[in-house]
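Which chain is which? The protein sequence lines are A and B, in order. Numbers 1 to 742, taken from our numbering, label the letters of the first sequence in order. Numbers 1 to 708, taken from our numbering, label the letters of the second sequence in order.
Since the hints were made in silico from the structure, they are not lab data. A hint or two may mislead.
Straight-line Cα separation of at most 25 Å, DSS-like style, residue types lysine-lysine; simulated pairs [unchecked claim]:
| no. | chain 1 | residue 1 | chain 2 | residue 2 |
| --- | --- | --- | --- | --- |
| 1 | A | K512 | B | K140 |
| 2 | B | K450 | B | K288 |
| 3 | A | K81 | B | K140 |
| 4 | A | K491 | A | K527 |
| 5 | A | K646 | B | K154 |
| 6 | A | K491 | B | K155 |
| 7 | A | K491 | B | K154 |
| 8 | A | K81 | B | K450 |
| 9 | A | K491 | A | K646 |
| 10 | A | K81 | A | K483 |
| 11 | B | K288 | A | K81 |
| 12 | A | K724 | A | K527 |
| 13 | B | K455 | B | K288 |
| 14 | A | K308 | A | K400 |
| 15 | A | K667 | A | K678 |
| 16 | A | K400 | A | K309 |
| 17 | B | K155 | B | K316 |
| 18 | A | K12 | A | K120 |
| 19 | A | K309 | A | K283 |
| 20 | A | K120 | A | K202 |
| 21 | B | K155 | A | K483 |
| 22 | A | K668 | A | K678 |
| 23 | B | K288 | B | K316 |
| 24 | A | K7 | A | K81 |
| 25 | B | K455 | B | K316 |
| 26 | A | K646 | B | K155 |
| 27 | A | K120 | A | K7 |
| 28 | B | K140 | A | K483 |
| 29 | A | K197 | A | K120 |
| 30 | A | K308 | A | K283 |
Here are some chain B residues the structure puts well away from chain A; computed CB gaps all over 10 Å [claimed, not checked]:
| no. | residue |
| --- | --- |
| 31 | R120 |
| 32 | R182 |
| 33 | L196 |
| 34 | E239 |
| 35 | A315 |
| 36 | G375 |
| 37 | V573 |
| 38 | R578 |
Remember, predicted model here, so these are calculated numbers, not experimental data. Beta carbons are placed, not taken as given, at the ideal position from N, Cα and C, and that holds for glycine.
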Amino acid sequence: MSANEEKSLVEKFLQENVLFLGPDPEIMNNHRLAPETPEETVALAKFAVADELNLVRHKLLTACNESFDMVEQMGAAPGAKWGDLISGVWTASGDLALSSMGGVLLFSVLTQHPVKFILKYWADDPTVGIREGDIFVHNDARYGNIHNTDQSLVIPVFHEGRLICFTGAVVHEGENGATEPGGMPSKAESPFDEGLKMSPIKVGENYTFRRDLMTFLQNSVREPKLQLEGMKSKLYAAMRMKSRIEETIAEYGVEAVTACLRRTLTDTAEEVRRRLRTWPDGKIRQTVFADGTLRENCLVKICLEMTKKDDGLTLDFRGSSPEFLNRANNTVLASAKGMLAQEFLTFVWPDLPRNQAVFEPMTVITDAGSVLNCSPGAPNAQSMMTFFPSFTAAQLAVPKLLYSAGERSTDIIAGWYNMIVTFIYGGLNQYGELVGNVCADLNGMGGAARANRDGEHSVAPIFAPMADIGEQELIEEEVPMMKIVPNRVMKDNQGFGKYRGGHGYQQIATMKDTSMWGFMCCAIGSKFPSSHGIFGGYSPGTYPLCKVRGVNVFEVMQERRDLLRYTIEDIMNERPFEGARYSTHHMGLQLEFAQPGELYMITQGAGGGYGDVLERAPEDVADDFRDGLVSPRVVADIYHVVLDEKSGAVLADATAAARRAEREARKKRGKPYDQFVKEWVTALPPEGLPYYGSWSDRAVIHRGTPHDTCPGDAIVSVMMPDPKDVRIAELERELAARELAG
Amino acid sequence: MRRVSVDIGGTFTDCFLAFDGEYVQAKALTTHNNLATGFMEALGSACSSIGRTADDVLRELDSVRYATTLGTNALIERNGPDVAVITTAGFESTVPLMRARGYGDGLSALEQVDLPAADRPLSLVPVTRITGIEERIDFKGDVVLTIDPADVRKKVCRLVDEGAQAFVVALVNSVVNPAHEREVERIILSEFPSHLLGAIPIVLSHRVAGRKGEYTRTLSSVIDAYLHDRMYHGMATLEVVLRKHGYRRPMLLVHNTAGMAQMNSTSSLQTIHSGPVAGLEATSFLSKRFGQPNLIATDMGGTSFDIGLVTADGAKFYDFNPIIDRWLVSTPMTYLHTLGAGGGSIARYDRMWDAIEVGPESAGSDPGPACYGRGGRFPTVTDANLLLGYLDEDNYAGSSIKLSRRRAERAIEEHICKPTGMSVIDAARGIRRKVDANMAAAIFKEVAIKGYNPKSFRVLSYGGGGPLHACGYSAGIGITEILIPPFSSVFSALGAGNMDQLHIHERSLYLMLFDANVRCMLEDFTAFNEAIVELEARGREDLRRQGVADEQIRTRVELDMRYGNQLAQIGIVCPYRRITSTSQVIALLDIFSENYARRFGEGSQAPEAGVRVNVIRVVSYVEHEHLDLQPGTAGDAGLARPHSHRMCHFANVDGPLETAVHAHDAVREGMRVEGPALIETPFTTYLVEAGWTLTMGRMGAAVMRRTA
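With the rest of the complex left out, here is chain A (with noise of 0.2 Å):
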C-alpha cells in the first residue's frame, strides 16, 4: 500500500469515527462570502436588469420587515420588545444576504456560521438532512451568533426540490438556564455554567417542533413559557418569509431570487471597497481597557492596529489580554468581527444594506487564545465586557481617516458610551411566576459629541438604533422592581470637551411584592472609563454599583418622608438612613438576593467629549447650566467660565481671563515630549497592577503580573482565583495580624 493510499484511510477512518462535531474553524474564522455557485452563475446571467433586481430586493426586503414585525409583536422577551433581533434570508450557501431595517446589526455579519454548520454537516448526513418543513434552532455562541442568551431559527426554503435560500430569526431572548437568570451569567466559569447549549439542531419537521425536543428545551430554563413564545414567534415568521419569496418565485421566477441575493451581496462588498478608496491610506493605533472581569478588578487590554490600503482594512488586535479560562468575559472571534462591523454599519455608512458583505472587506487580525477570539473551552456569555472595548477601539481610530476622507456618511463622532449599564434580575415575580432577564433600559447609552455639535443624552446602545428603554408602569406590572428613579440625568455626568458627550442616567431600585429577587448588573467601567472621548474631548466618567442594604425604603417613605432622596450622590454622601449598610462596588454583580426596600443603584454612562473644553462655547456651558447638567465647580473648574450668581449670566470679560490664566497653567504644565516620554514609559507593568495583555511589546503577554508572560502565537490562558477565596485570604491574613497584634 502506498503512502498516499496509507493516507487516505486513515482520513476515512477519522471522518467515519468522530466523536463530536464541535465548532468547525473552517466556518467560525471565515467570515468572506461563500464562493459563487453554478446556480448563482446561470441566475446572475438570466437576469440581470439593475432596475428589475431592485424591485425584486425591495419585495424581499419588505419580507423581511415583515417578519421583522412578527417576531417583534409575537416574541415574549423583552429583547424581542425593543428590537435585539434580526430577520433575514440566507442564500443557499448560507451568506445572510438581506436582513430586516431595524434590530440589532451586528447579528448582519455573524449568523451565516450556524446556518453553513447545518450546510456542511447536516445536509448529506442521514439521520439529519435539510428537507422542506425542517425547523433547526441554535444559540451556541461557539457555532455563531453573540452569547447563549441569543436564539435562532432557520428553515431551508425550496423550489422544485431545489434548495434556495434560508429564511429565519434571531432574538436575544434573555432567560437560558445559565448558572444564573437572565441569560447573560457572569458568574460563569465554563462553557457549561452558560445554560442551554444548542449546537445547530434540528427541532421540527413538516413546520411543526417535536413535542420531546421541546419539552426539553423549556425543561432547560426557567422560563418555559418564554422558551416556547420565543421558538413559536421565529416560526411563524420564517415562514411567512417564505411564503413570500414563493410568492415572488412566482411572479419573477426562481433566478431573480437567487440572482438578486448574490448581487445585493456583491454589490454591497463593491460598494464598502469603493468607499474604503476615498479614504487615505494610513495606519492608526488606538488602546483601551477593560478594567474588570466582572468578578475582579483588572486591567484587561485591547489593543488596535488599523491599516488601510487602497480597498481593504485590515483590523490588528495582537497584543491584547489573553483569555480567561474561568470568566465569561471572552469573545469568540466571530462575535468580534459581528462588533466591529457594527461600527462601520452604524456609524460610519448608515445608509448600507445591512448584511454581511458589509464587513467583506476588512481583514481581522487576532492571537489565537486571545480574549477576541477565544478558544472553545472558554466562556463568553460577558463577551460584551472585552468585544464593546474593541468596538471602541475601532470607532477612536475611523475618525482620524474620516476626516480626510473623500466622502462620509454621517457626523464624525468621539466614543459612544459602550456598557450594558441595567439590571438583570431573577425569582419570583408578584404573581408567583420564576422569571429570568434584562431590563431594556440598558439602551440609552449616552451619545457622542459630534464634529459640530453636542452628543444626545442616554439615546441608543452602540448595537441597535430606535431601541427603546420602556415605559416604568408597564415594566412594573410585570416585574416586582420599583424604580425610585427610573432614568434620570446625572449632574456632571458628561465626556467634557468643545462639544460634550451626551450624558447618562441614573437609576435607582427596590423591590416589592415578592418573597425572592434578586438583582445582578453587567458592566465594566467602574474604575477606568470603558470608552473615551478624542481630540481632546474627556471620557465619560467611571461608574460604581452603589448598594444601600438594611433600609427598607418604603417603611421610610411612610415613617420618615423627609429622609428621602433622589439623587445617588445625595444617598451616597448624606447617608440619610440610619443603621443602613452604604457600600460601593465594580459593575459586576453577580446574583445578589434583596430584601424589600433596599436600593440598588446604577449610572448610565456618558458619550465622549469632542475637542478642547476650553473652545466650548461660554452660552453652551451657562446653558447646561440653567438645566442642571453641570455643576458650579464643573463649570468653574472645567470650562473655566465664569457666570453671574444670579442670573446665571456669561461673564464674559471674567471667563475670558479665567481662560487666559488656564491657557497659561497648562503652558506651565506641559512638559517637551521627549521628557514625558523618558518619565512616563517602563519596560514592565508596574508591580502590583493585575495587568493582562502586552505592554511594550505585542508579541509578548502579560498574564496579570509583570513577570508572568507568554508568547503572542503560543497564548497561555488565564485561571483567576475565586474573588471569595481571595476575600477569605484577606480576612485570615487581617485576622492573623490582629492576633499577632494581641
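With chain A's structure known, arrange chain B on it following the hints.
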C-alpha cells in the same frame, strides 16, 4: 339632511355639502393666516352650486363638521404656551429622554438608523419647567408614598412665578389610582381659582389617556395643553364667523377616532390627523353601501400616501401609540399607514444598486416639484408624470399652478440621466415604475401583516394623485379592480359629513382570562364588569354634555388581549357588555385565537402561556343619518368619446401610445373608457392604463377593471 363638512389640507380646503338630497363638492385654496376665510370661500362655492348663498344655507344647516389641521400646524410652528409638567419625583427626565428612541420618532427609516446624526426635536417643555413632587403609587394603585400638599403648593407657585402658563399633571400609575393627580389639581385651583384672572389651564394625564405608559401619557397631555389655547381660539373664531353668517348650532369637530364631537367634548389631540381618518371612515361606509367587503383605502397626496384597511369581518384597526409630528403619544387613533410617496417625492440615482430610487424625501408643496417653477431643483414623481404626458401643464390643480415641462426635464436630466445615461423619458418611466412599486410593497405589507390576503381586496383610490397611480400600484399587488369613490377629490370631507358622534374611553388593567401558572380560568368578573361600567359612564357623560338623550346612546366593548408577555396586543370586539360565566370567557379566548391566527398563522397561538386582557375600551356613540350613496345602476351606456388625444409614455410599454383624453363631466353613468386613456377633472387626473377599462358610476364614482 342639511349638513356641511370641511377638511382643510396644506393646499386646498375641501368642502362637501349635503342639502335636501343634493350633494355638492367644492374647493378653495387654504388660507393659512385665517382658516375661516378659505372655509367660507369653499362653502360659498358649494352653496352657489345649488343656487343659494352661504348665509342662506348656514341658517338652515343641521350641522357643520370640521376636520382641522390647526393642531398639526401649531405643533410644527412651536408657538404654544409655556407648559409646565408636574410629575412623580425621580421621573423628571422621562419627557426629555423620550424613551431614548424618540430621536427617530416621525423620521424616515434611513434617518432613524443614522445614530451619529441623531438629534432629538426641540422639546415642547424645557427641563426647567418639569418638577417632581414626592408621591408614589404602585402598579396596583396602592399608595406607597402619600402626597405632600405643602411640597406641591411650593412647586406650583415657583413654576408660575417662572412663567408657566399651563399645567400638565402626570403622576406614575395615575390611570389605576388618580387620587394624587386630583389632589394636585385641587391645590392648583386653590392657588389659582378658575373664576379669577390668574386661572391656569390644568390637564390631568389620567383624563387624557387611560393606558399605562407614563411617557406617552405625559406627552399626550403636554400636546393637549400646548395646543389648547391656539385651538380654542381658532375654533371659537370660526364659530363666531359661522354665527355671524347665521349658523346657530354647535360646530362638530372630527376626531381621529373616526367619530366627532362638539368642542366641549373634544381634546386637541383628538383632532390631529382627523382628515385622513375621515377618508377611511368614508371608505368603511362605502364598503357597506357598495357591497365591497374588503377595501384598501389609498390616498395619494403631494407628500404622502395613506393606506387604510376595511375588512369584511369588521375588524377595527387602531394605532394606540401614534406619532404626532415627532412625538409618541397614547390615544386610540384609527390606524393609517403613511408612506413617504406622493407627487412631491424626490427621485434619485442609487449608485450601489445602479437603479432609480424614489422618496422618502419630498419636495412637498414648497418648493414643490421642479415643474412648479418655485425653486424646486430635484426631479419628482409629478415631474415624471408631466413628461410622460399624463398632466396638462395649463390645467393643473384647478389651474392654480402652471407647470413647466422644461424645468421637469432639466431636473431629471441632471439627477437621473447624467449618472445613468438614460433618456429623459426612460428615466421618467423608471421613476414611475419605482414609486408604484414602493406603494404596492407598502400596501402588501400593511394588508399581509394584519393577516389578510391582499389579492382578495379591491383598492379604493382617492386624493390628488391616487387615481393617477392606482393602476400601477394595484397591478403591483395583483389586484385587478379599483374603485374611485364619488366625490373623490373631497373624499375626506365627505367622510366627515357621514360620521357619528363617538367617544372612546379605555383603561389599563391586568386581568388573566387564563392563568397558565395555575391553569385556571377567570372566575371573579368584578374588576372586568366594574371597568366597563365606569367607561360606559364616562362615554355617557360626554354625549349627555352634547345634548344626546340616553336612549340614543349605543356602546361597543373592545378588549386588547395578549398571550403571555408578548408585545402583540390585539383588539377584539367583545360580544358581551358584562361577563357572568366562564363559558363567556372561553368564547373570548376563541375570538382572540381566531384573530391572532389570521394575523400570524394558524398554530402560532400560544394560549398555554396564559391569556390576558390589558385594556378595556368602551366606544360610546350615537348614530346620525347617513348619506345616501349608491353604486351605479345604469346599464352599459357604451364607450365614452374623448375630446382629444395626446401621446403618452407608460412604464412597461416601449414607445409612446396615443392616449384618449376625456373630460370627467362628459363621461356619464354607465359609460366605459378603455385604456390607455386620461380622464381629467379640475383637481385630479384618472389614468386608465392599457389593459384596463373604467366604467363610470353615479356621482363620479368609477370602477377600473383589469381586462388584459
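So, going through the hints one by one against the coordinates:
1. A:K512 - B:K140: With Cα atoms ~12 Å apart, K512 (chain A) and K140 (chain B) stay inside 25 Å; holds.
2. B:K450 - B:K288: Between K450 (chain B) and K288 (chain B) the Cα gap is close to 21 Å, so the pair holds against 25 Å.
3. A:K81 - B:K140: 23 Å, holds
4. A:K491 - A:K527: 19 Å, holds
5. A:K646 - B:K154: This hinted pair holds, its Cα atoms lying about 20 Å apart.
6. A:K491 - B:K155: Within the cut-off at roughly 21 Å; holds.
7. A:K491 - B:K154: 23 Å, holds
8. A:K81 - B:K450: Since the Cα atoms of K81 (chain A) and K450 (chain B) sit roughly 18 Å apart, the hinted pair holds (cutoff 25 Å).
9. A:K491 - A:K646: 20 Å, holds
10. A:K81 - A:K483: 20 Å, holds
11. B:K288 - A:K81: 37 Å, violated
12. A:K724 - A:K527: Within the cut-off at roughly 20 Å; holds.
13. B:K455 - B:K288: At roughly 19 Å apart (the allowed maximum being 25 Å), K288 (chain B) and K455 (chain B) satisfy the hint.
14. A:K308 - A:K400: Given that 25 Å is the threshold and the Cα spacing comes to 11 Å, the pair holds.
15. A:K667 - A:K678: This hinted pair holds, its Cα atoms lying about 19 Å apart.
16. A:K400 - A:K309: 14 Å, holds
17. B:K155 - B:K316: At roughly 43 Å apart (the allowed maximum being 25 Å), K316 (chain B) and K155 (chain B) break the hint.
18. A:K12 - A:K120: 17 Å, holds
19. A:K309 - A:K283: With Cα atoms ~9 Å apart, K309 (chain A) and K283 (chain A) stay inside 25 Å; holds.
20. A:K120 - A:K202: Satisfied, since the Cα-Cα distance of roughly 14 Å is no more than 25 Å.
21. B:K155 - A:K483: The hint holds at about 23 Å.
22. A:K668 - A:K678: 18 Å, holds
23. B:K288 - B:K316: 15 Å, holds
24. A:K7 - A:K81: 54 Å, violated
25. B:K455 - B:K316: Roughly 20 Å separates the two Cα atoms, so the pair holds.
26. A:K646 - B:K155: 20 Å, holds
27. A:K120 - A:K7: 23 Å, holds
28. B:K140 - A:K483: 15 Å, holds
29. A:K197 - A:K120: Since the Cα atoms of K197 (chain A) and K120 (chain A) sit roughly 20 Å apart, the hinted pair holds (cutoff 25 Å).
30. A:K308 - A:K283: Holds. K308 (chain A) to K283 (chain A) sits at ~6 Å (cutoff 25 Å).
31. R120: 6 Å, violated
32. R182: 18 Å, holds
33. L196: 31 Å, holds
34. E239: 38 Å, holds
35. A315: 16 Å, holds
36. G375: 26 Å, holds
37. V573: 20 Å, holds
38. R578: 25 Å, holds
Checked against the numbered hints above, the structure violates hints 11, 17, 24 and 31; every other hint is satisfied.
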